[in-house]
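Protein chains in written order, with this note's numbering: chain A, -2 to 139; chain B, 724 to 1315.
Where hints are given, some of them may not hold.
[Stated by the list, open to error] Quick list of in silico lysine-lysine cross-link-like pairs, PhoX-like style, CA-CA up to 25 angstroms:
#1 B:LYS804 with B:LYS732
#2 B:LYS992 with A:LYS42
#3 B:LYS804 with B:LYS844
#4 B:LYS844 with B:LYS911
#5 B:LYS1250 with B:LYS1224
#6 B:LYS803 with B:LYS911
#7 B:LYS732 with B:LYS992
#8 A:LYS42 with B:LYS911
#9 A:LYS42 with B:LYS909
In case anyone wonders, no lab produced these hints; they're calculated from the structure.
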Amino acid sequence: MKIIAATAHTACVEGQKDQVFLANDADPRTLDLAGITRIDLHFPKFTDGRAYSQAFLLRRRLGYTGEIRATGDVLIDQLVQMQRSGFSVAVLREGVDASAAQRQFDRFEGFYQGDAVHVEPHFAETENAAAYAAELARQDSY
Amino acid sequence: MYQYTEFDKQFVKLRAAQFRDQLERWQGGTLAEDEFRPLRLQNGWYVQRFAPMLRVAVPYGELSSAQLRVLATIARDYDKKDAHDLTKANPGLSDLHSLPSACAHFTTRQNVQFNWIPLDKSADVMDLLASVHLHGIQTSGNCIRNTTSDERAGIAADEIADPRPLAEIIRQWSTLHPEFAFLPRKFKIAIVGATDDRAATAWHDVGLHVLKNEAGEVGLRVMVGGGMGRTPVLGTVIRSFLPWNQILNYLEAVVRVYNRWGRRDNIYKARIKILVKAEGQRYIDEVEAEYQQILTVDGAPHTIAQAELDRVTACFVPPASRVGTLPALNNPVAAPVDDKDYTRWLKQNVAAHKNPLLRSVTLSFKRLGYSPGDATGDQLDLSADLADRYSAGETRVTHDQNLVLPWVRADELPALYAEAKAAGLARANIRLLTDMIVCPGGDFCALANARSLPISEAISQRYQDMDELHDLGEIDVHMSGCINSCGHHHSAHIGILGVDKDGQEWYQVTLAGSDGSNLSGPASIGKVVGPSFSAAEVPDVIEAVLDTYRATRTSGEAFIDTLRRVGQDPFKLAANAARTSTARAPKAAAEA
């Protein structure tokens, strides 16, 4: 995940067809993704988690492969969640000290649940992976 | 008990390290107070009236004796009242001298809380907890909270299927879920697998019942949108049978729609119950549509393979010392027949078990001189000793704030009784009047409008006579110090709610609520008796209500059944006749 300072960020230009800013209460499934290379999602407050679901839907559901940029109240303690939900770029809020950012990414060796980037949950990739795959193939697909 | 893997163990240690990093940045001034707050909350650290309150997660209520001993150490070494500046005490609400310290508190959501740990010791405590795989992950904050279950999961005689393997799988899925860490509000899941609902599932954001369909397949009935607080709502069944292996995919749909649609403009309208009420079928349709998309487009990555369920289920096999090798017992509960206390203990505190040679025994943490659900360090150690000797090292925290020993041999009941009695934990009052659910109230909680501990103490004082208690029979009394309802007053047969008027404490009484258990019938919301009562009047009101019951009941009829049969009017009349101070000041009472 690329982390950039607020000063290095330029807002999407209106009318420029390859970029789009999506309000955090908008449904990303209404977007026409053709030709778009950058989508900015917004955190009005870092405690407002709607943009995580938007990023997930863009990345996993809609198969969007371009840039998803986190803007607004972006702090370092949420960067890992952002990356796992599908964001590829984060614009740190002005005044945020970035020095502690990298060690957040280095800390955990893995997580339990699958996410937008790493789709398989932990239980599907452990020593039981082969048995898991065989079972899934055998089970009815609901 | 669930056997934690190396991954599990390491994960909790890394989480403790992450918290220390955040704490140090906050102490060093590079992390602002309002930025640190949600982070500490998601690790269980509140800041209360005098001190931080730490909530430790106990997944589906299971605690090993090793974990109990670490909790005992924390109670003794860190839960210290004298370490704090107490001059900020609210003289109207706090009686500092009587406030308990050096103890742990069992909560209605099967967690454990401490009240006096200084924040500068918090990272050390997290490391200590992590040494026995305990933590405070997601015990607070607007995220998926610790999943609760039946205290008798896996051992109950009335069980259809053991809910613990699925509870553990849900625990893993919800832990540090990246998409759902900042929901509109907190989110609570409860799961049961027995016919008797001992986890109040209808009162949860998601209530799950493990059951079997006619073909014998295991699945779940899914309820969504229950909750207490200022707007009590019972959950709505949105799926009558979901295949067990789809639970994570389905929960993902339930929570994602809530994350996208839930209100964020008003904290009082942010819970999923408000969304389900407002949107009704539209919410249900959206969840179903989202679920279908997860299956067909996303590839349903969280479908649970049989192999994974088998792996987790294998962690819950009965302890070796409690199967197969038990001696044949002619008289499983050999006991002095003339010991009335012991006979009553067998009736109230000992429950049937799947294995006819075993029993489930509840240690009562409802006794005079201690706040309901409080356990001192020494009592925690003693409980750990009892668990080791009589219950294969395992205990369960109950929704009613007690501790269960789930693997007790029937022939060892007399010995266990003698030891539990010596420890003061064998009071035969489980499910009786004095087995009250009570929140910490205004003595500790910064949100509370009134104290709850002195009121529960006064009621317990009045009903110490065991003959009378047993004659009154099973009654749910629940008390909350404010409308947030941590004491579950809405679901009580007799509910007590602290309210405040001009800085004074008043108490509203409700009748005929139900948690949804067999004793209480389908979950229902208690109805308010009338204007609030003064603190001094509350025990008299309880007595008046109970006297009315005794005068009205038919032979063997439980309190809640009499109440339902004759209606609330005679009880209300009796309660209002017990007014003394509020009768002389009806206007003030009406306004309260």
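Hint consistency between LYS803 of chain B and LYS911 of chain B [alpha-carbon to alpha-carbon, up to 25 angstroms]: With a Cα-Cα distance of about 30 angstroms, the restraint between LYS803 of chain B and LYS911 of chain B is violated, given a limit of 25 angstroms.
Satisfaction of hint between LYS992 of chain B and LYS732 of chain B, Cα-Cα up to 25 angstroms: 37 angstroms, violated
Distance restraint between LYS992 of chain B and LYS42 of chain A, which requires alpha-carbon spacing of 25 angstroms or less: 18 angstroms, holds
Distance restraint between LYS42 of chain A and LYS909 of chain B, which requires alpha-carbon spacing of 25 angstroms or less: Given pair LYS42 of chain A, LYS909 of chain B holds - Cα atoms ~17 angstroms apart, limit 25 angstroms.
LYS804 of chain B paired with LYS844 of chain B [C-alpha distance capped at 25 angstroms]: 14 angstroms, holds
Given pair status - LYS911 of chain B, LYS42 of chain A, alpha carbons within 25 angstroms: 23 angstroms, holds
LYS844 of chain B paired with LYS911 of chain B [C-alpha distance capped at 25 angstroms]: Cα-Cα ~28 angstroms, so violated.
Distance restraint between LYS1250 of chain B and LYS1224 of chain B, which requires alpha-carbon spacing of 25 angstroms or less: This hinted pair holds, its Cα atoms lying about 21 angstroms apart.
Hint consistency between LYS804 of chain B and LYS732 of chain B [alpha-carbon to alpha-carbon, up to 25 angstroms]: Distance of about 31 angstroms is beyond 25 angstroms: violated.
Consistency note: the structure conflicts with the earlier hints numbered 1, 4, 6 and 7.
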